[in-house]
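Input sequences plus hints: build the corresponding full structure.
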Amino acid sequence: MIAKVSVGRSFSGVVRYLFEGHHDDLQANKQAEILAANGVRLGSMEQMISDFNRHRVLNTDLGVAVWHTALAFHADDRPKLTDPQLIGLAEDYMRELRLDPDNIQWLLVKHNDTTHPHIHLVMSRVDFDGRTVDKSFCKDRSREAAKRIAKRQGLIVAAERQRSNVVNGRVMSAEWMETKHQIQAVVVAELPNVSSLVELAQKLQLQQIRIHFQHRKQKKGKGAITGITFEANGRFIRGRNIGKEFSAGSLQKQLQQTLRSSKPYSEAQLLHPMANKTTASETHLAVKSDQKSILSDVTSKKRNDNSVKKKAKNIESSRSRLPKLG
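To get the numbering used here, take the position in the sequence shown, counting from 1, and add 2.
Watch out, some of these pointers could steer you wrong.
Listed next, the in silico DSS-like pairs over lysine-lysine satisfying Cα-Cα at most 27 Å (straight line) [unchecked claim]:
#, residue 1, residue 2
1, K246, K6
2, K224, K149
3, K153, K82
4, K205, K141
5, K224, K205
6, K137, K205
7, K219, K141
8, K6, K141
9, K141, K82
10, K6, K224
11, K246, K149
12, K137, K149
13, K219, K6
14, K224, K141
15, K137, K255
16, K82, K149
17, K255, K219
18, K137, K246
19, K141, K153
20, K224, K255
Hints were generated in silico from the structure; no laboratory data involved. All values derive from a computational prediction rather than experimental measurement.
In structure tokens, the structure reads:
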């Protein structure tokens, strides 16, 4: 099992490919079968395209709204892959990416035009709450998700093509490449769980990976972060040599995109997560203020009670001085 991911702008293009293929391919050649869908009518291609496009207006700022994953399987696994099994695998894949299959639009189509079974999952990157589905590290996350699912379901894990070990014109050692892949895997796993680069550094340090930041020069204090270097196994690797998504600028952009969907954060808050927390002194002042408010309410109540009692005594005294009748 292996996952191949692409993102794009046109639902029309991807839906027509699923059923018509590229250019002059005939629909019969693809032997397309619709397996399942959520939030999409299945009467015709036009209905599917219309439903995807109608929903994407919940997030008009998102141009790249199409997520397309092809899940391919080894030919020897074909007897295990019933249609219900394929639907379950697609939903497992979504959950591995921390997506709720019930809260996003998706369409699942099976192609029968090759010796190896494969399915196509088209998802909208706008969920039913209008929030953006994160696409950062989508290829790495999908590859790891496919491996976990294959092992869990007893499927064959597809062999990956040998990754290039040439960096800036130099052939790197196997040990260097192993360290690079280790850093990639840890960053991909931890980035969705942090709100700042500082917090990411703290998480990585627990796994024997250190982050060194390069700052813009200025007269006082540290300037903005302009570069990032990872240290692991005694080796130092710049973020951009691990991959373009691991540069300082790209990591900060991904953090901003994630946080923007929940609440606005300033640049200072992105770099210093403590800026988002209430300090102990602020908490103490808030408690003291609450205590004063409570004491004031109690004192006011006592005064009111005393006033009522005093009025009752005055009424009783007045009654005792009235002349008796008869």
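Structure versus earlier hints - violations, ascending order
2, 7, 10, 13, 14
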